[in-house]
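Sequential numbering from 1 applies to the sequence shown in our numbering.
Just so you know, not all the hints are guaranteed correct.
Claimed, not checked - Below, in silico cross-link-like pairs of lysine-lysine (PhoX-like), each with a Cα-Cα straight-line distance of 25 Å or less:
| hint | residue 1 | residue 2 |
| --- | --- | --- |
| 1 | K69 | K99 |
| 2 | K81 | K69 |
| 3 | K124 | K69 |
| 4 | K128 | K140 |
| 5 | K140 | K103 |
| 6 | K140 | K166 |
Read the hints as simulated data drawn from the structure, not as lab findings. In this text the structure is predicted, and so the values were computed from the model without any measurement.
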Amino acid sequence: MMFNSIVRSRPLGTFLAQWRRQAVDSICKRRMCDKPPVAATETKPAAPTPSTPHLGFKLPGYRPSDFDKKMLIWSGRFKTKEQIPEIVSYEMLDGARNKLRVKVAYLMMAVTIAACVGMVILGKQGVKNHDSLIARNMEKKARWRAEAQQEREAAAASAATLATEKAQ
């Protein structure tokens, strides 16, 4: 127990760790590379200049459709369709879409608030006129009953006329 506390003490532990590291390094001689350094006289070959465009090469960008052009105009990136370049970067188109998405969200919020205010106004007018859904439903059902009664009476009258015609 006493030995563990001595070995685990900070100064002695540090000394033992350093001594072990030096002993292991001197035995292993770990080195990253044993090759001698090469003089930097070698020159890299110059990159060939492309005389014709490479078939697999494509400019980074996107050819915007008519709707994409409208989005770029609505978002405020460009004033007219003529100002929009033939190829637009993905970041510019994505930014225009995000800006337009936010504008549509604000528009939907405004329409929702206007609809709520309109419903409150209509509800207050209905209370003043003593108009309610229950009263409307009762009137509608009474109208249906009257129409059904008239249809039954008309059917009974037509049946009576048919019976009298058969009797003659």
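Right, here's what the structure says about each hint:
In summary, the hint linking K69 to K99 is supported, as the alpha carbons are separated by about 14 Å, within the 25 Å threshold. Simply put, K81 and K69 have alpha-carbon atoms about 7 Å apart, close enough for the 25 Å limit, and the pair holds. Simply put, K124 and K69 have alpha-carbon atoms about 46 Å apart, too far for the 25 Å limit, and the pair is violated. Taken as a hint, the K128 and K140 pair is honoured in the structure, with Cα atoms around 21 Å apart against an allowance of 25 Å.
Distance restraint check for K140 and K103: the Cα-Cα separation of roughly 43 Å exceeds the 25 Å cut-off, and the hinted pair is therefore not satisfied. Proposed proximity of K140 and K166 is contradicted: the alpha carbons are some 39 Å apart, above 25 Å.
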